[in-house]
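Chemist: Here is what each chain is made of, one letter per residue.
There are 2 protein chains.
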Amino acid sequence: MSMALQTKQTLFDIDQSHKKTCNPFSVPKRLLLGPGPSNSHPDVLKALSLPPVGHLDPFYIELMAEVQELLRYAWQTNNRLTLPMSGTGSAAMEATIANSVEPNEIVLVAKKGYFGSRLEDMAGRYGANVKTIEKPWGHAFALDEIQAALEMYKPSIFAIVHAETSTGVCQPMDGIGDLCRKFDSLLLVDTVTSLGGVPLFIDKWKIDLAYSCSQKGLSCPPGLGPFTMGPRAEEKLALRKGQVPNWYLDVSLLNKYWGSDRVYHHTAPVNMNFGIREALRLLANEGLEQAWTRHKINAQRLWNGLESLGLELHVSEDLRLPTLTTIRIPADVDGKAFSLHLLNEHGIELGGGLGDLSGKVWRLGLMGYNSTLDNVNLILNLFETELPRFKNNSVAAS
Amino acid sequence: MSMALQTKQTLFDIDQSHKKTCNPFSVPKRLLLGPGPSNSHPDVLKALSLPPVGHLDPFYIELMAEVQELLRYAWQTNNRLTLPMSGTGSAAMEATIANSVEPNEIVLVAKKGYFGSRLEDMAGRYGANVKTIEKPWGHAFALDEIQAALEMYKPSIFAIVHAETSTGVCQPMDGIGDLCRKFDSLLLVDTVTSLGGVPLFIDKWKIDLAYSCSQKGLSCPPGLGPFTMGPRAEEKLALRKGQVPNWYLDVSLLNKYWGSDRVYHHTAPVNMNFGIREALRLLANEGLEQAWTRHKINAQRLWNGLESLGLELHVSEDLRLPTLTTIRIPADVDGKAFSLHLLNEHGIELGGGLGDLSGKVWRLGLMGYNSTLDNVNLILNLFETELPRFKNNSVAAS
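Same order as they appear, the protein sequences are chains Y and B.
Residues are numbered in our numbering as their position in the first sequence, beginning at 1, plus a constant of 6.
Residues are numbered in our numbering as their position in the second sequence, beginning at 1, plus a constant of 6.
Think of the hints as simulated: they come from the structure by calculation, not from any bench.
One thing to keep in mind: the hints can contain errors.
Note that identical chains are pooled: a pair holds if it fits in a single copy or bridges any two copies.
What the hints assert, rightly or not - Pairs of lysine-lysine, DSS-like flavour, derived with a Cα cap of 25 Å: (1) LYS262 x LYS342; (2) LYS247 x LYS137; (3) LYS52 x LYS247; (4) LYS188 x LYS262; (5) LYS397 x LYS210; (6) LYS242 x LYS26; (7) LYS160 x LYS141; (8) LYS35 x LYS52; (9) LYS397 x LYS35; (10) LYS342 x LYS160; (11) LYS26 x LYS247; (12) LYS35 x LYS137; (13) LYS366 x LYS262; (14) LYS366 x LYS137; (15) LYS210 x LYS188; (16) LYS366 x LYS35; (17) LYS262 x LYS26; (18) LYS212 x LYS26; (19) LYS212 x LYS25.
These numbers were taken from a predicted model, which means no experiment stands behind them.
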């Protein structure tokens with residue numbers, strides 16, 4: 007038999023042209039102080055590398071329940087439908103849209119940065135009649151502006167970004183939930199850059215749909231998208247006329263796997279779930295109060311330090327996100343060259359601006375595992391000692 | 007400042023009810039001989055646990071190119087658009103549908119198991135006029151049956167499963183690509199349980215769209231969905247009237263990130279890509295000929311051994327998948343009890359039947375890292391020595 011197979015083997019006519027020869031690799035040491043991913047906690051990386059088990063294994067089923075429960079704590083919600091989508095934060099974002107939007111419904115999107123625009127794009131793809139209100143990048147919406155728009159458009163869904171990763175703005179949420187109930191709109195909120203790092207209360211704020219990511223406040227690598235859906239959104243899903251036009255993200259199917267039935271939907275990314283379970287455990291061990299306070303204290307230190315170096319922060323202090331700070335690139339500085347220098351010489355990643363802020367700001371994240379006094383001191387020291395070399399006249403002189 | 011924050015901290019009114027106390031965990035030792043996930047190669051798990059880098063880091067950009075090139079080799083294709091989707095195999099499956107189906111087009115699905123039905127479901131969600139041809143679970147389609155259906159329905163897309171994970175059938179592919187070109191249909195193929203383990207030639211077989219997974223023949227944990235799209239499908243995408251109705255899986259957007267522009271789309275699951283890069287490297291090191299031959303030899307040993315124990319295999323030998331074997335549960339055996347016994351007493355996962363084969367077969371996978379002589383001997387030994395205890399009369403007697 008073995009002989010016969012050996013003969014057959016020569017019949018395989020394999021094209022070797024893409025057979026690239028590679029060696030095992032090591033990764034360069036990076037301190038990720040951009041808009042995300044942030045560095046992962048070492049215990050999370052250890053959990054990630056445990057041998058996989060089956061997605062219907064009793065051990066895994068128990069772990070799923072732990073992930074859900076710990077996620078409810080992190081998000082401060084009792085929502086039954088709280089689970090990590092098997093994709094990145096963008097998949098969870100699309101899940102909130104795909105499961106709630108029905109064709110021709112009015113969806114009102116409050117745009118004050120890049121991720122508001124993405125919500126607009128996605129809602130359009132699901133057939134919504136999308137209306138928008140806009141603010142300049144770096145500002146937040148006032149409650150009366152939101153009220154006026156809800157009155158005008160009477161949307162089925164109102165979508166807004168809590169922590170706008172492109173601008174560093176934290177949208178004040180007080181009163182928005184009540185307004186949405188008054189106008190019979192579902193409240194859909196992006197919490198990508200707030201979960202785990204910034205005060206966030208899904209139930210208290212009357213949020214009906216929210217999504218986040220694994221790689222920022224949770225100190226886990228990217229690859230899972232926490233998702234939560236409250237009773238009002240669940241009811242809308244149950245009453246919808248057609249199927250959810252997205253199979254992978256269809257919560258009515260996913261619920262049969264994550265709920266008590268454990269009906270196979272797709273093969274879960276088990277190792278990523280090992281990772282997020284550990285990340286959520288570490289967050290619960292620290293406690294939300296402590297984690298939020300730590301982020302706030304370190305951000306405040308960073309802001310004070312940057313301002314004392316004469317740098318300008320793009321967002322007014324009352325609206326600043328503790329997890330992500332936008333720093334205006336001084337007019338005489340080559341911002342990109344400085345970022346490249348930090349990456350190449352110090353292994354530190356700093357983010358650039360997106361969209362309206364492209365070329366105008368650096369984005370500096372202090373998220374999860376990376377929100378430490380040491381990191382604040384390190385980056386402030388580099389801004390103090392090395393930024394001057396990137397002023398235009400200095401570059402020209404060197 | 008620190009005092010002020012401390013005071014503020016007491017203002018957080020945190021609900022502690024979901025603050026589950028958990029310990030760090032270890033996983034039970036499992037030999038995964040079901041339909042997948044299969045065990046991962048230890049080097050892949052090591053790669054998975056490396057610290058993440060940014061998704062636009064020059065190091066990561068280079069790694070992406072390696073993943074793409076190695077995937078082209080594994081799939082035997084020159085397709086430019088060859089990349090892992092940031093979700094599981096089901097996400098990649100949906101990506102082939104979402105990017106190719108336009109509303110009201112005829113999509114013909116050849117159904118001979120569970121995954122054909124899923125293709126039918128997905129195509130319907132994207133507005134296709136879905137037609138189907140069917141064979142009993144455990145059979146394959148003959149070329150003339152496919153020809154007759156193509157003639158009758160003249161579909162825009164013909165979808166078929168190469169390696170049907172629910173039945174253990176390997177669909178002969180000779181001539182299907184030529185027929186699809188003759189009838190101007192795109193050929194969309196499920197290669198979830200064939201990639202890396204079974205002869206598979208995307209270009210030679212004239213396949214226009216294919217998808218797979220990371221957790222079977224590639225010996226990587228689940229979480230990425232290899233995807234490839236040939237020039238004919240790319241042209242259809244370029245000419246489509248509306249936007250792709252799925253943002254996360256929109257290849258026209260993804261191509262700007264994976265192509266030369268590197269425009270941010272979503273934050274890539276960098277650690278999963280570390281893992282698949284290592285998995286694909288190990289496959290290239292072994293060589294496709296050797297990997298395919300190894301799977302075939304070990305499967306043949308398993309089949310011979312099972313038959314010599316008097317067990318019946320569900321699929322005729324000429325159509326059997328080397329990666330996944332369906333074994334008929336003898337009439338006098340409690341199949342579920344035997345699977346549970348293997349899991350609980352020996353840490354071995356065996357799959358049950360799905361759909362039409364529910365309760366009728368076990369599904370036994372020998373995939374990637376798990377396709378070894380030792381595993382064959384181990385499982386044959388357990389079938390020989392322990393299965394007799396699960397015959398109804400024995401159970402009753404004990």
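Chemist: At most 25 Å between CA atoms: does that hold for LYS212 and LYS26 within a copy, between copies, both, or neither?
Modeler: between (53 Å within a copy, 23 Å between copies)
Chemist: Check LYS397 against LYS35 for me: Cα-Cα at most 25 Å, and say if that holds within a copy, between copies, both or neither.
Modeler: Neither: 27 Å inside a chain and 58 Å across chains, both beyond 25 Å.
Chemist: Between copies, within a copy, both or neither: which fits LYS366 and LYS137 at Cα up to 25 Å?
Modeler: neither (28 Å within a copy, 54 Å between copies)
Chemist: Checking LYS35 and LYS52: alpha-carbon separation at most 25 Å within a copy, between copies, both or neither?
Modeler: Cα proximity of LYS35 and LYS52: in one copy and across copies (17 Å, 16 Å).
Chemist: Between copies, within a copy, both or neither: which fits LYS35 and LYS137 at Cα up to 25 Å?
Modeler: neither (44 Å within a copy, 53 Å between copies)
Chemist: Between copies, within a copy, both or neither: which fits LYS160 and LYS141 at Cα up to 25 Å?
Modeler: within (20 Å within a copy, 51 Å between copies)
Chemist: My question is about LYS26 and LYS247: at a cut-off of 25 Å on alpha-carbon distance, are they close within one copy, between copies, both, or neither?
Modeler: neither (50 Å within a copy, 38 Å between copies)
Chemist: Reference check for the pair LYS52 and LYS247, CA-CA at most 25 Å: within, between, both, or neither?
Modeler: neither (45 Å within a copy, 47 Å between copies)
Chemist: Taking 25 Å as the upper bound on the Cα-Cα distance, should LYS247 and LYS137 be classified as within, between, both, or neither?
Modeler: Intra 22 Å, inter 23 Å, cutoff 25 Å: intra and inter.
Chemist: From the Cα coordinates, with 25 Å as the cut-off, is the pair LYS366 and LYS262 best called within, between, both, or neither?
Modeler: Result: close only across copies, 23 Å inter versus 47 Å intra.
Chemist: Within a copy, between copies, both or neither: which one fits LYS262 and LYS26 at a CA-CA cutoff of 25 Å?
Modeler: Result: close only across copies, 23 Å inter versus 42 Å intra.
Chemist: Within, between, both or neither: how does the pair LYS242, LYS26 come out at a Cα-Cα threshold of 25 Å?
Modeler: neither (51 Å within a copy, 30 Å between copies)
Comparing the model with each earlier hint shows violations of hints 3, 4, 5, 6, 9, 10, 11, 12, 14 and 16; every other hint is respected.
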